[in-house]
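Engineer: End of the sequence shown sits at 478 in UniProt numbering; the numbers just go up one at a time, nothing left out.
Accuracy of the hints is not assured; some may be wrong.
Here are the simulated lysine-lysine pairs, BS3-like style, with alpha carbons at most 30 Å apart [what the hints assert, rightly or not]:
| no. | residue 1 | residue 2 |
| --- | --- | --- |
| 1 | 445 | 206 |
| 2 | 83 | 445 |
| 3 | 220 | 196 |
Since the hints were derived computationally from the structure, they do not count as laboratory data.
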Amino acid sequence: MEYVLVVLQAVVVLGAIVLGVRVGGVGLGLWGVVGTLILVFVFHLPPGSPPIDAFFIVIAVITAASAMQAAGGIDYLVSIASKIIQANPGRLTYVAPLVSFVFTALSGTSNIYFALIPVIYETAYRNGQRPERSLAASTVTSALGITASPVSAAMAAYLVLVGPLDFSLIDILVITVPAAIVSCIVVSFVQQRIGKELLDDPVFLKRVEEGTVEMPAVLKAQQAARAEAAATGTSEAKAARQARKSTKTVAPVEKIVHEVPKGGATAAYIFLAAIFLIVLMGLFSGLRPAFPNSDGDLEPLSMSIVIQLFMFSAALAIILVRKVPPPQIVEQSLLKSGFVAAIALFGIAWMADTFISANQETIIDPLGDLVTAVPILLAVALFLVAGLTTSQSATTNTIIPIAIGAGMPVGVITAMWPSLVGVWLFPANGSQIAAVETDLTGSTKLTSVPIWHSFTIPMLVSWVSVVGAGLLIQLFVR
């Protein structure tokens with residue numbers, strides 16, 4: 001009978017997640033709360049601990065980020081990223097994914113990537129490159145920035161979970177940041193070899209013929225060189241060299257310029273300074289004030305509170321220095337999306353903790369033994385649940401406590417945590433859809449098979465490489 005009740009409770013948890021995903025937005029968190037209500041009132045499970053610290057970390061970060069956005073700071077960051085991307089068109093497939101990763105990690109949200117999609121596409125298209133290569137790779141690597149950011153919602157959730165294990169923010173970043181960089185490089189190397197060149201792509205040529213997209217000047221020159229080589233009986237290798245040579249005679253590609261509001265740079269610097277101080281506090285615990293704990297021993301102020309204090313303070317500093325009207329902050333897109341993330345985190349984490357705490361001996365311990373025996377199953381579970389929920393923070397709160405309860409080494413757990421890149425498993429994210437819609441050449445695409453699309457290969461390559469690199473790096477941590 002006990003196992004029947006556990007199965008029914010699991011059905012409630014999974015059902016709430018599925019219904020929440022279908023509703024989307026705030027609905028994910030609200031269904032999580034309803035699931036908690038059913039577990040408490042119907043199954044009489046003691047309510048778990050609501051993720052108060054993680055919730056307020058997200059609120060603090062999105063408040064500061066929204067203040068920065070209102071003051072033009074996001075525009076400033078985008079302008080810098082745009083310049084870097086456009087300055088290296090020949091290495092676009094390598095540069096764009098790294099830029100997407102870095103700027104997502106700095107801002108704590110992948111929303112900044114939306115503004116980079118048109119830049120990446122135009123740079124690739126105008127230089128005659130297949131946009132799918134850089135667009136798909138950059139979309140995937142932007143998710144790696146979430147697990148490498150000191151101020152992302154997923155990091156807030158993870159930090160609260162592993163904090164009691166004496167595993168600090170710096171310990172996490174020492175593993176996730178270099179592993180993500182390795183993954184970006186590997187993904188770019190593989191992605192550079194994906195798909196046909198545009199001049200050999202029948203989909204692109206058909207779109208040109210139909211007038212859907214115009215052939216850029218670079219490709220026109222290459223096409224002319226090919227035709228001339230064919231007419232004179234030149235070999236394919238020589239024709240290719242002539243085609244590359246012909247592109248040098250084409251007028252330079254006009255660069256995209258992003259307008260930055262006055263004071264945008266200042267707002268961005270205030271936000272980044274707060275992040276720097278947070279990382280510094282995590283690196284040197286002696287910089288944090290210490291207070292007696294329950295045992296009477298002095299203990300440094302928790303990083304959860306440090307993040308909240310510095311992020312809220314950064315928001316106020318931006319408001320005062322840039323004279324941003326507070327009502328404008330509430331209207332920013334980052335605040336709206338961040339609030340949705342906070343509610344989703346709160347509801348799902350509360351429900352998961354209620355279910356896991358009440359069933360420790362019945363189901364969690366056996367699952368923990370399985371994960372301990374075959375550790376790679378943790379990476380698989382994170383990957384699949386992230387794909388089903390499309391929420392890194394919700395997945396973190398659902399799966400990570402199982403691994404912690406099983407007694408897995410926290411370094412190994414952290415190395416596998418970036419498996420959250422599985423959020424790209426199904427084409428259900430705004431970034432994927434935006435990339436497909438932006439690419440007028442038709443190279444970036446979805447298919448009738450939900451899990452097979454332009455993002456599948458870079459996602460799988462990223463998953464394997466980031467976990468592999470992380471597992472090696474964690475051997476040298478602590």
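Engineer: Each hint should be assessed against the structure and marked as holding or not.
Structural biologist: These are the hints, each one checked on the structure:
Distance restraint check for residue 445 and residue 206: the Cα-Cα separation of roughly 15 Å lies within the 30 Å cut-off, and the hinted pair is therefore satisfied. At roughly 26 Å between alpha-carbon atoms, residue 83 and residue 445 fall within 30 Å of each other, so this suggested pair holds. The straight-line distance between the Cα atoms of residue 220 and residue 196 is roughly 17 Å, inside the 30 Å bound, and the hint therefore holds.
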